[in-house]
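Chains as they are written, first to last, in the working numbering: chain A, 191 to 610; chain B, 191 to 610.
FYI, nobody ran anything at the bench for these hints, they're computed from the structure. Owing to the predicted nature of the structure, the values given are computational and were not obtained by experimental measurement. Take the hints with a grain of salt, since some may be wrong.
No copy is singled out in the list; a pair is fine if it fits within one copy or between any two copies.
[Claimed, not checked] The calculated lysine-lysine pairs, modelled on PhoX-like cross-linking and capped at a C-alpha distance of 20 Å, are:
{"id": "1", "residue 1": "529", "residue 2": "406"}
{"id": "2", "residue 1": "202", "residue 2": "529"}
{"id": "3", "residue 1": "206", "residue 2": "406"}
{"id": "4", "residue 1": "406", "residue 2": "202"}
{"id": "5", "residue 1": "471", "residue 2": "488"}
{"id": "6", "residue 1": "266", "residue 2": "496"}
{"id": "7", "residue 1": "529", "residue 2": "206"}
{"id": "8", "residue 1": "488", "residue 2": "428"}
{"id": "9", "residue 1": "218", "residue 2": "266"}
{"id": "10", "residue 1": "428", "residue 2": "284"}
Protein chains: 2
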Amino acid sequence: MTPIEEMGLRAKNAAKILRTSDPETKTKALGMMADAILAHQDEIIAANEEDLREAEINGMARAMMDRLLLTPDRIKGMSDALKDVAAWPDPVGKVTEDYTRPNGLRIRKVSIPLGVIGIIFESRPNVTSDCAGLCVRAGNCVILRGGHEAFRSNNAVTDVMRAALSEAGLPEDCVQLVQDLSHESAHELMCLSDYIDVLIPRGSSRLINRVLDESKVPVIQTGAGNCHIYIDKDADPKMALDITVNAKTSRPSVCNAAETLLIHEDAANMLPDIADALTAKGVELRCDEHARDILAGKVSDPDMIKEASETDWGTEYDDLIMAVRVVSSVDEAIDHIDKWSTHHSEAIVTENEETAQRFMAEVDSSAVYWNASTRFTDGGEMGLGAEIGISTQKLHARGPMGVDQLVTYKFMLTGDGQIR
Amino acid sequence: MTPIEEMGLRAKNAAKILRTSDPETKTKALGMMADAILAHQDEIIAANEEDLREAEINGMARAMMDRLLLTPDRIKGMSDALKDVAAWPDPVGKVTEDYTRPNGLRIRKVSIPLGVIGIIFESRPNVTSDCAGLCVRAGNCVILRGGHEAFRSNNAVTDVMRAALSEAGLPEDCVQLVQDLSHESAHELMCLSDYIDVLIPRGSSRLINRVLDESKVPVIQTGAGNCHIYIDKDADPKMALDITVNAKTSRPSVCNAAETLLIHEDAANMLPDIADALTAKGVELRCDEHARDILAGKVSDPDMIKEASETDWGTEYDDLIMAVRVVSSVDEAIDHIDKWSTHHSEAIVTENEETAQRFMAEVDSSAVYWNASTRFTDGGEMGLGAEIGISTQKLHARGPMGVDQLVTYKFMLTGDGQIR
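Extracted from the complex, chain A is given alone in its bound form (with noise of 0.2 Å):
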């Protein structure tokens, strides 16, 4: 067996106890994950300070280094979402479904967990601790395999986290860390169907693309959005504006952050107040000649207008970069939407009902938003509590994934004898 098989197994095996244990030993444990991390906080930020100093000699730009960096603030941050989790009802056990049958079988549908799950992400630290609450929360064990940036930071919060898994009277494998980060063992982990029932790529789309490929694990994708605001004809300028700024420029680099601003033509009168309102932020406009004519002249800072090409469409800048485009009709708006989003969050600005119900019946998008800032897809915000990734799929689940979207079910028949 090879060191990623012997982790699968025990991730099996650990699966079978923590599938039938009861809600309070889960709370019990998800709490003193929680305490844990806070206690061991001084030896979290002696092995973040390592990976600080490596990737500062490697080079490391400015931003990643602070999406790498621990703080006490920061790590009472993993702590309180660890809290946060083991607070949420458990979501394994419920009967969905209780009837019997004319022949007498009664059956019943059971939430199950899904058994092990794998992460591969990248960046920040919190996300090992984050993912195992969930996971553990819904009776799951995870295989964790993060960046190499992050080595020792990650390993350190898994350390305390498998310590207070056994205090607890868990197994310590409920959690485990991916040790070896080569290429070959990346693979390996995608192609342990044997013993991973799913997988969860968290990260760039190249890393996302690359599991998609791979894996022999049914898996989810996350994260992808090139979301858009379309600002319909009937939109009040005022809050087409403030979503509009909002959905660009309140966290650029996340996934429901807007890339592509669609505009119906009469409403083209909007358009240089939104442009200015944008560029003092920052922000610089790739925009269809149509767009181009509306603003020319018309705007503070010229500079920012930029020519787009059939290339913008399809990029998630997660950048201060917006693409404009012209439309004549809300159709042409769902057309454009239809061919280039990566069906994550888009949003309508209307006071005009049928035309929303239209956009919002029609866009194929797991979050549509009627007057409101693509922002809100976030699991927190739509009140779903904490998620493991935002899903751009059909299959499972769509959007904000939390611990009720971490199980699945089975049918538990019972009879007297019954034959076919």
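Assemble the complex: chain A is given as a structure, and chain B must be docked to it using the hints.
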């Protein structure tokens, strides 16, 4: 664009219309498809006769020829199945959650079609109309790829259904049949993630494994059924015999038929009668040493008692063969199942409620039975309607997948200018 890409694009365009079609239109179309199949029975049978002639020339086995054969009775069955699906409640547009956040944002979770479903199948031509009906009821377009041996039959059935769809005011491209059955076109279909939302392979494990290997589209694995019967020490002997014989012999070729019998050593006295009942039905028994010892000199047909090898535990025979193993506890039975099962259906026969509950809680299969035959894992038998397949994976749906499992959901968020 290749022919396969063109099919994908046509399906996607048809899906835009179908996904917002009202329930009545879909019901009407399904009824017209059912009527058309009856009305055009002669053409369908003529096409089928050509397939049969070619199959005979190619030396197809008698059992396979029978699967391929369409008779007026079987065509009536196909038509009736479409009528049943027409009468099934529309699963689209159900609001499963509706709540308002503190900031006034109203969130609804609404069921929607999956979109475009690809189905790769072998053998029987009735799969063509069954799958088309299930997909259309749930608002999905379908791209079917049947086996070459049923090519003319599948085309005849598809043509009739497409004409009926068109007459009912829906795009005929809601149902398409792949014409190029080369290895390459199958691969292309599996990589068509721009147009196909879900791929469902139906057929041999070789087919399913190929799809898992190659597909870039999310896959639902179906049908692998290495099912177990466990006879506990506290089993009722008659019930144990009846259930085992039924699960093995009532239809050995289907996925919910049992393949392995596990029996508690304290129930060993039941084994000779069970062996006799099975061999009388023509079942060959592949037994471990302990079982052979028990049966030695106590069965009427000793020639049917063979030695089991490790391979037998992992084999789905789909035939009149059953592996037999003696275990010393319910734990050993659960461990055996955990190791060898395809997680389809497993049954325990016991009068001991505590043992039964442990078995049902700990066995990680889509359907677990207490005192009933595994043969009930079937959409119709479980009251779930017709099925497109029986999922053996944990994502999305487990067990029989009917109309209600062919939908996903989206979040519809309505605000009055909320920003974050």
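Okay, the hints, checked on the actual structure:
Only between protomers do residue 529 and residue 406 lie at most 20 Å apart by alpha-carbon distance; the minimum there is 19 Å, versus 28 Å within a single protomer. With identical chains, the CA atoms of residue 202 and residue 529 are at most 20 Å apart between copies only, with a shortest distance of 11 Å across copies and 41 Å within one. When the C-alpha separation of residue 206 and residue 406 is checked against a cutoff of 20 Å, the pair qualifies neither within a copy, at 22 Å, nor between copies, at 31 Å. For the homomeric pair residue 406 and residue 202, the shortest alpha-carbon distance inside one copy (17 Å) is at most 20 Å, but the shortest distance between copies (26 Å) is not.
In this homomeric assembly, residue 471 and residue 488 come within 20 Å of each other (Cα to Cα) only inside a single copy, at 17 Å, whereas the closest approach across copies is 88 Å. Proximity of residue 266 and residue 496 under a CA criterion of 20 Å is satisfied in neither setting, with 43 Å inside one chain copy and 64 Å between copies. For a Cα distance limit of 20 Å, the shortest separation of residue 529 from residue 206 across copies, 12 Å, qualifies, whereas the shortest one inside one copy, 44 Å, does not. Taking CA atoms no more than 20 Å apart as the test, residue 488 paired with residue 428 passes inside one copy only; the shortest distance there is 18 Å, against 89 Å between copies.
Proximity of residue 218 and residue 266 under a CA criterion of 20 Å is satisfied intra-copy only: 18 Å inside one chain copy versus 59 Å between copies. In the homo-oligomer, the alpha carbons of residue 428 and residue 284 never lie at most 20 Å apart, since the shortest distance is 46 Å inside one protomer and 34 Å across protomers.
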